[in-house]
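*Asks:* Place chain B on chain A using the hints.
Number of protein chains: 2
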Amino acid sequence: MLYLVGLGLSYESDITVRGLEIVKRCKRVYLEAYTSILMATDKAGLEKFYGREVILADRELVESGSDEILAGADTDDIAFLVVGDPFGATTHTDLVIRARELAIKVETVHNASVMNAIGACGLQLYTFGQAVSIVFFNEHWRPDSFYDKVMENRRIGLHTLLLLDIKVKEQSWENMARGRLIYEPPRYMDIATAAQQLLEVEEKKGLQAYTPSTPCVAASRLGSPTQNFKAGTLQQMAEYDAGEPLHSMIMLGRQVHDLELEYLYEYCDDKEAFKSAVVEDQKFFAPAPYIAPEENFSD
Amino acid sequence: MLYLVGLGLSYESDITVRGLEIVKRCKRVYLEAYTSILMATDKAGLEKFYGREVILADRELVESGSDEILAGADTDDIAFLVVGDPFGATTHTDLVIRARELAIKVETVHNASVMNAIGACGLQLYTFGQAVSIVFFNEHWRPDSFYDKVMENRRIGLHTLLLLDIKVKEQSWENMARGRLIYEPPRYMDIATAAQQLLEVEEKKGLQAYTPSTPCVAASRLGSPTQNFKAGTLQQMAEYDAGEPLHSMIMLGRQVHDLELEYLYEYCDDKEAFKSAVVEDQKFFAPAPYIAPEENFSD
Numbered sequence: 021m022l023y024l025v026g027l028g029l030s031y032e033s034d035i036t037v038r039g040l041e042i043v044k045r046c047k048r049v050y051l052e053a054y055t056s057i058l059m060a061t062d063k064a065g066l067e068k069f070y071g072r073e074v075i076l077a078d079r080e081l082v083e084s085g086s087d088e089i090l091a092g093a094d095t096d097d098i099a100f101l102v103v104g105d106p107f108g109a110t111t112h113t114d115l116v117i118r119a120r121e122l123a124i125k126v127e128t129v130h131n132a133s134v135m136n137a138i139g140a141c142g143l144q145l146y147t148f149g150q151a152v153s154i155v156f157f158n159e160h161w162r163p164d165s166f167y168d169k170v171m172e173n174r175r176i177g178l179h180t181l182l183l184l185d186i187k188v189k190e191q192s193w194e195n196m197a198r199g200r201l202i203y204e205p206p207r208y209m210d211i212a213t214a215a216q217q218l219l220e221v222e223e224k225k226g227l228q229a230y231t232p233s234t235p236c237v238a239a240s241r242l243g244s245p246t247q248n249f250k251a252g253t254l255q256q257m258a259e260y261d262a263g264e265p266l267h268s269m270i271m272l273g274r275q276v277h278d279l280e281l282e283y284l285y286e287y288c289d290d291k292e293a294f295k296s297a298v299v300e301d302q303k304f305f306a307p308a309p310y311i312a313p314e315e316n317f318s319d
Numbered sequence: 021m022l023y024l025v026g027l028g029l030s031y032e033s034d035i036t037v038r039g040l041e042i043v044k045r046c047k048r049v050y051l052e053a054y055t056s057i058l059m060a061t062d063k064a065g066l067e068k069f070y071g072r073e074v075i076l077a078d079r080e081l082v083e084s085g086s087d088e089i090l091a092g093a094d095t096d097d098i099a100f101l102v103v104g105d106p107f108g109a110t111t112h113t114d115l116v117i118r119a120r121e122l123a124i125k126v127e128t129v130h131n132a133s134v135m136n137a138i139g140a141c142g143l144q145l146y147t148f149g150q151a152v153s154i155v156f157f158n159e160h161w162r163p164d165s166f167y168d169k170v171m172e173n174r175r176i177g178l179h180t181l182l183l184l185d186i187k188v189k190e191q192s193w194e195n196m197a198r199g200r201l202i203y204e205p206p207r208y209m210d211i212a213t214a215a216q217q218l219l220e221v222e223e224k225k226g227l228q229a230y231t232p233s234t235p236c237v238a239a240s241r242l243g244s245p246t247q248n249f250k251a252g253t254l255q256q257m258a259e260y261d262a263g264e265p266l267h268s269m270i271m272l273g274r275q276v277h278d279l280e281l282e283y284l285y286e287y288c289d290d291k292e293a294f295k296s297a298v299v300e301d302q303k304f305f306a307p308a309p310y311i312a313p314e315e316n317f318s319d
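Line by line, the protein sequences give chains A and B.
Mind the numbering: the first sequence is residues 21 to 319 in the numbering used here, read in order.
Mind the numbering: the second sequence is residues 21 to 319 in the numbering used here, read in order.
Next up, chain A with everything else stripped away, as it sits in the complex (with noise of 0.2 Å):
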């Protein structure tokens, strides 16, 4: 049996009493490594909480070497085990797959991703539209192709989670010209980085899909012992100081309720400010006021 296994978002205890179950019986456990991070933990925590070996996992052996993943898995428990839910933000169908076309059983232990457990900040999760990813922009590449996403979503009155871009064992480019299997240490895009290239998108696109006085909830470390929030305008976003990862950002659509905004009040530095923000940006996309048709008595 594979047994996909959800770690939750921060501390070692933060995986089931069934998950660690299943890790402490599985003849080996993989620890997914590359697409994100344990806050308040590492292998050697893990190690120590689990009393048991764990084979970091890179994305090479995931994507080329799941074979050897799997290797036994027919007879044996095999456990992979991931950060926040298998299933969250970065799937592992690939590896489910694979095992079924070698006839391994798999089973799955869900647990909190950062896709549910930003309802944390009391945006109602009803209301979002779908996520996107922002990615560092670099000399070479900007990538915008969230614009229109945020676009579609904002159109219709929905809230934007968007998830920032983690750099695990990434070569530099002249190291990977030359083959060198030197890697960069790693970097977590902060929020106010992602903010700044959201207005660089805005600025260059000028569709106004948003502007720098819409509103939005910085999450810092969501799940972690010092999780925070913080409410205020993009352009503060681009300007804050959110401390260490890892960091995701909410962008609001035009769907803000009462109990949400009442809810968000305890995260911002100015209530009526944050406010005012949100009723001029519910103009954009606002639907067109009904007009009741001219009645006609001719005829």
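It is worth saying that the hints were derived from the structure and are not from the lab.
Just to be clear, a hint being listed does not mean it is correct.
Because identical chains cannot be distinguished in the list, a pair is counted as satisfied if it fits within a single copy or across any two copies.
[As the list claims (entries may be wrong)] Cut-off 27 Å, straight-line C-alpha distance, at most; resulting in silico cross-link-like pairs (BS3-like, lysine-lysine):
1. 169 x 295
2. 291 x 125
3. 291 x 303
4. 169 x 303
5. 68 x 44
6. 125 x 44
Since this is a predicted model, take the numbers as computed values, not measurements.
*Replies:* Chain B only, in chain A's frame:
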């Protein structure tokens, strides 16, 4: 401290290790018991697993008696247990706002909820739009506000998670009118009923937000030992016996990638027919084909 603790979807042991430690040491432990159920256990099962008493919190207590729940939480630890995640489909922001007013600290222990675990069907959570609720139709009330939302999602190619009604501790009209506190047995909407209601509303509205051939995925007992998925058309869902509750459903949008489709084949009776339905359905709301502007060499 008030701890909001997510219980996950099914087993007693779906609680996180950290959540269990908190539950064991809290002075009082409430179980929110009216918006969802744990599929593989009940109050007695939880009390045995936790080794302590659990107080059932029904709608009246949570909505009118929150001060009773919060009593003493400024000095003692109180836990409020929620099936899924505390900020999942049903949020408890009102309880948190009341705690803030009373200067009581609040900490959340997140867990999986239908809002992220639904990713186990193989469709990317990224490409889900707003979630909608399908409530039981009766003679007097056939609410169809979901229809416009499904249309909005499908116009931009997104999938829709349909959350199916749960009726726990409801009174009949007659008992309510006579002020008798007699409750009906719990009812959980099944896939077939939801699909029939969807078809009825499409027939009434006639705007082709979807058709009987629109591809869907049925999720039965998500996260439980008997979890099951079924992929088929909406018409097939209207005749599908999905077995024991709880059920939820996804209506697909245009954005289906090859890997997602390959994953869904596992859940089809007839792969080719399902693939045809997906391809056919992608024509709805497809963006207009790109036509290059005519070049104009005059002037």
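*Asks:* So, against the hints stated earlier in the document, which numbers end up violated here?
*Replies:* none
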